[in-house]
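Enquirer: Taken in sequence, the protein lines are chains R and V. Residues 1 to 178 in this note's numbering are what the first sequence spells out, letter by letter. Residues 1 to 521 in this note's numbering are what the second sequence spells out, letter by letter.
FYI, nobody ran anything at the bench for these hints, they're computed from the structure. Bear in mind that the values here come from a model prediction, so they are computed numbers and not experimental data. Backbone N, C-alpha and C fix where the C-beta goes; we use that ideal spot for every residue, glycine too. Hints may be right or wrong, so weigh each one.
Said to hold, decoys possible - Examples of chain V residues toward chain R, derived with CB under 10 Å:
| hint | residue |
| --- | --- |
| 1 | Gln-22 |
| 2 | Arg-24 |
| 3 | Gly-25 |
| 4 | Thr-42 |
| 5 | Thr-44 |
| 6 | Glu-71 |
| 7 | Gln-446 |
| 8 | Asp-449 |
| 9 | Phe-450 |
| 10 | Val-454 |
| 11 | Thr-500 |
| 12 | Leu-504 |
| 13 | Thr-506 |
| 14 | Glu-509 |
To be verified - Calculated Cβ distances over 10 Å to all of chain V for the following chain R residues:
| hint | residue |
| --- | --- |
| 15 | Glu-30 |
| 16 | Gly-48 |
| 17 | Arg-56 |
| 18 | Val-136 |
| 19 | Ile-147 |
| 20 | Ala-172 |
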Amino acid sequence: MKHILAIAVLALPFAAATKAAAHATFAEREVVQNQTSRLTLRVPHGCGDEATLRVRVQIPEGVIATQPMVKAGWELQTVTGPYANAHAIHGNSVTEGVREIIWSGELPDAFYDEFVFRVRVTEEVPAGAMLYIPVVQECANGAERWIEIPAAGQDSHDLEDPAPGVMVVPAAPAGHGH
Amino acid sequence: MRHALILLLVLFMPLQALAHAQLRGAGPADGAVLDAMPGNVTLTFNEPVAPLVLRLFGPDGAATDLVGTAENAVVTAALRGVLVEGTYLLSWRVVSADGHPVGGTLTFHIGAPSAAPPTPADLAAGAARMASALRFLLTATVVVAVGASLFAAFVIRGQAGPQLSRAALVAASATLPAGVLVVGVQGLDMLSLAPAALLTPQPWWAGLSAPVTLTVILSCMAAVLSAGALRCGTGPVRDAFALVALLLAALSFAASGHAAAAPPRAVALPAVTLHAAALVFWMGSLLPLLFALRGADAAVILHRFAAIAIPAVVVLVLSGATLTWLQAGTSTGLMGSAYGIVLAAKLVLVAILLGVAARNRFVLTPALCEAQPQAAPHLRRAIRAEIVLGLAILALASGFRLTPPPRALAAPVAPLYAHIHTDRAMADIRLTPGRAGPVTVMLGFQTGDFAELVPRAAEVIFAQPAAGIAPIRQQALRGGDGLWHAGPVTLPLAGDWEVTLRLLITDFESMILTDTINLPD
Chain R
1 MKHILAIAVL
11 ALPFAAATKA
21 AAHATFAERE
31 VVQNQTSRLT
41 LRVPHGCGDE
51 ATLRVRVQIP
61 EGVIATQPMV
71 KAGWELQTVT
81 GPYANAHAIH
91 GNSVTEGVRE
101 IIWSGELPDA
111 FYDEFVFRVR
121 VTEEVPAGAM
131 LYIPVVQECA
141 NGAERWIEIP
151 AAGQDSHDLE
161 DPAPGVMVVP
171 AAPAGHGH
Chain V
1 MRHALILLLV
11 LFMPLQALAH
21 AQLRGAGPAD
31 GAVLDAMPGN
41 VTLTFNEPVA
51 PLVLRLFGPD
61 GAATDLVGTA
71 ENAVVTAALR
81 GVLVEGTYLL
91 SWRVVSADGH
101 PVGGTLTFHI
111 GAPSAAPPTP
121 ADLAAGAARM
131 ASALRFLLTA
141 TVVVAVGASL
151 FAAFVIRGQA
161 GPQLSRAALV
171 AASATLPAGV
181 LVVGVQGLDM
191 LSLAPAALLT
201 PQPWWAGLSA
211 PVTLTVILSC
221 MAAVLSAGAL
231 RCGTGPVRDA
241 FALVALLLAA
251 LSFAASGHAA
261 AAPPRAVALP
271 AVTLHAAALV
281 FWMGSLLPLL
291 FALRGADAAV
301 ILHRFAAIAI
311 PAVVVLVLSG
321 ATLTWLQAGT
331 STGLMGSAYG
341 IVLAAKLVLV
351 AILLGVAARN
361 RFVLTPALCE
371 AQPQAAPHLR
381 RAIRAEIVLG
391 LAILALASGF
401 RLTPPPRALA
411 APVAPLYAHI
421 HTDRAMADIR
431 LTPGRAGPVT
441 VMLGFQTGDF
451 AELVPRAAEV
461 IFAQPAAGIA
471 PIRQQALRGG
481 DGLWHAGPVT
491 LPLAGDWEVT
501 LRLLITDFES
511 MILTDTINLP
521 D
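Isolated chain R, as found in the complex:
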């Protein structure tokens, strides 16, 4: 009996170039290190055929200064907590901030919606790699969890419930305002 230690190998022999439309994804393709970036989470459907009642976003380490955008018809909550490492912004040391965003409301399964927040991706997150941000959609009787992060060498299209991701790019060396 051979042990295959690979993670989530669904034998789908396809090369895929774009994001899966039926998954939760970000509208943005990339974020720049050490700049405030806007991220737009796209939610295409509910859990099975149930309406989405809560959208929860977990902010990974190295992503700071998170600010969710208010949304009409939705109640907004954040969970704050300490960061693993202190970060310097404009000379100030920042040690804690938003770790989770929770929007509560109702999004019927047949409808589409977007949820917006701003983040600052620090150099703790390597440039040239994808940053995956886990998202959970909670419904009355279940949840849709976009939380799978591909292992090294793995394609996120091979995952059943991939976390939405953006490409992290380094800041331009000159012409950077503040």
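Knowing the structure of chain R, use the given hints to seat chain V on it.
Expert: For chain V alone, coordinates are given in the frame of chain R:
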């Protein structure tokens, strides 16, 4: 045909923008118990799809391919002529508008769940019989082809006659088509498809992955080598070719089948190889002997044949007895079983064959040497009888394929264990019983450094992509014993199953563990 085209498109086109179609609901619902068979089955998806395969496994294990029609996001298939009560499995596979295939298995029950849901033994008995007949044909052609060159090299020790060369060439040429058909029909048997499916690639791919493919390759090589040997004149090269052909032919018997798989394999494999080598020589010599009796030096040839055949028969009997003992264990396992009946018939025929052979050797051969006028016709008649008996024995041996050996029936079916170990987590999997059919699943989890790991939820997924079985999903529940339990879930076929465990650790973190488990018959 349309399905085959879609399949080809799916397999070979690089596709973009993969939106996964998701099953939203099914009628009948998964796990439903219905009073009567509904007129049709519907699968509702979140987006338009086209059906690829809808295969219904009935309570008797028979598989029927349903014709599905898609309208928008709903696939409908009529259930006609289905009357038996019990458990049904619908293995479905659809392709969404963008070409991404997804699949699953739906279980529902008519009347009440079957006591014994579909089992692999019942699957496609027709294909199994076809495979058995083709295997017999393949064996016969190899025996004739290889026997001819062996006989020319070691009994005639000279040029083979034109009749013998022609017979060997015909047999060798028939080996390849017979072998190719064996692979395809093996695939039919594995996927429980109708013979018409040989026009599609599915059974061929499945057949190629089976051990019988190695048997076919070795058989074809042996036949070609033997045909080549007969064209090499009479030197030592020819003799060497003939011996290698014999070895390849003998190994072809050991490459697949129950016999070589019996534990301990260190005994079973050589026993099968020796048994096959002896039978190829003996059976393969009968036709050349018949031809040789017409020649002038018949008496010399008969003596040389006997000098090799008598040790060969001893090997045949001893190896045959060993194999029977390995398969049957005790005689109680044999009584009344289908395997026992086939074996008994084979032994009776072997006894008659040995009697005929002994008479040839000890009565008719001396008579021929003394130039008695009636000896040659008697001997010819006796050898023809040997050929008929030999073919009947080979046919019965091919028929063993259809009957599981007593060791498989009698042995208590032990659970099947598997262990998955990654840096982050370890899982122990137990399937009870450890064979194809309904199994219960027990799971235990630990972190990578042996600490307790209690996931919030655990799902186990079984899939056998090679056999076209789409993932079967089961939610596991935590029991009072701290272990997780799922099932019973019906795994309809033996062979390699991909097992995937999806553990939810926190709201935002999951772990996925995969392994391949070989499920015995």
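Enquirer: Against the structure, test the hints numbered earlier, and report the numbers of the ones violated in rising order.
Expert: 4, 6, 7, 8, 9, 10, 16, 17, 18, 19
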